[in-house]
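Engineer: Following numbering that gives the first Met the number 0, the numbering of the sequence shown begins with 0 at its first residue and continues without gaps.
Because the hints were derived from the structure by calculation, they are not lab data.
Treat each hint with caution, since some may be false.
Claimed, not checked - Once the Cα atoms are required to be at most 27 Å apart in a straight line, the calculated BS3-like pairs of lysine-lysine come out as:
hint, residue 1, residue 2
1, K151, K161
2, K156, K166
3, K163, K153
4, K73, K25
5, K166, K153
Claimed, not checked - What follows is a set of in silico ranges between Cβ atoms, one per label pair, in the way DEER data are often shown:
hint, residue 1, residue 2, range
6, K151, F12, 49 to 59 Å
7, I3, A154, 29 to 39 Å
8, A146, Q108, 22 to 32 Å
9, I20, K158, 55 to 65 Å
10, R26, E144, 46 to 56 Å
11, L109, L133, 18 to 28 Å
12, R26, Y107, 47 to 57 Å
13, R148, F1, 46 to 56 Å
14, M129, A154, 33 to 43 Å
15, Y69, K163, 17 to 27 Å
16, R26, E160, 23 to 33 Å
17, E5, R148, 50 to 60 Å
Glycine residues also receive a C-beta, built at the ideal position from the N, C-alpha and C atoms.
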Amino acid sequence: MFTIIEQFALSFFGTVAFSTIINVPKRALIYCGLTGASGWMTYYFFMSWFGDLIIANFMAALVIGIIYIYLSRKLRLPVIILNTPAILPLVPGNAAYLFIRYAVQGNYQLSVSYLMDVFKVSGAIVFGFMFVNLAEQQIRRQRQERARRRLKKKAAKEKAEKMKMAKS
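Full structure from sequences and hints, please.
Structural biologist: Below you can see the structure in the form of structure tokens.
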């Protein structure tokens, strides 16, 4: 097995290479690599601790989601530029390949088993991203509502002061 440093380096460079292929802006390449490597390291640690493929992919997607939302605001880039390359290390490519291979060979029971693995991993990634996006939207709505209330309160206070001044 690879060491932790090798895991990080390989996921970083793999993500940067894929980012280059899909024409991510040069200023975002390092950030894409770090996001992908962070997601992969999260996956790696959760697989080591729990051994559950679904939990590991879900947690990795959560970490990637948190990072890409922060970086998309910091770098003023669309979210898709950062999240598309970052999920590359998590994509269940081997399971998809084995699904097709066993389906072509006629071993349908094993083929369906790998297909279910693909669905589980893909679903975990989707739910991780969805959870982060929904939480971010909820936080944004709450902040906007608080700001709206503060403005209303301030406007009411100013109106009351104007009324006092008009009376005197």
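Engineer: Now look at each hint and say whether the structure bears it out.
Structural biologist: These are the hints, each one checked on the structure:
no. : hint                      : in the structure
1   : K151 <-> K161             : 15 Å, holds
2   : K156 <-> K166             : 15 Å, holds
3   : K163 <-> K153             : 15 Å, holds
4   : K73 <-> K25               : 15 Å, holds
5   : K166 <-> K153             : 20 Å, holds
6   : K151 <-> F12: 49 to 59 Å  : 52 Å, holds
7   : I3 <-> A154: 29 to 39 Å   : 56 Å, violated
8   : A146 <-> Q108: 22 to 32 Å : 57 Å, violated
9   : I20 <-> K158: 55 to 65 Å  : 59 Å, holds
10  : R26 <-> E144: 46 to 56 Å  : 34 Å, violated
11  : L109 <-> L133: 18 to 28 Å : 36 Å, violated
12  : R26 <-> Y107: 47 to 57 Å  : 48 Å, holds
13  : R148 <-> F1: 46 to 56 Å   : 52 Å, holds
14  : M129 <-> A154: 33 to 43 Å : 37 Å, holds
15  : Y69 <-> K163: 17 to 27 Å  : 45 Å, violated
16  : R26 <-> E160: 23 to 33 Å  : 48 Å, violated
17  : E5 <-> R148: 50 to 60 Å   : 52 Å, holds
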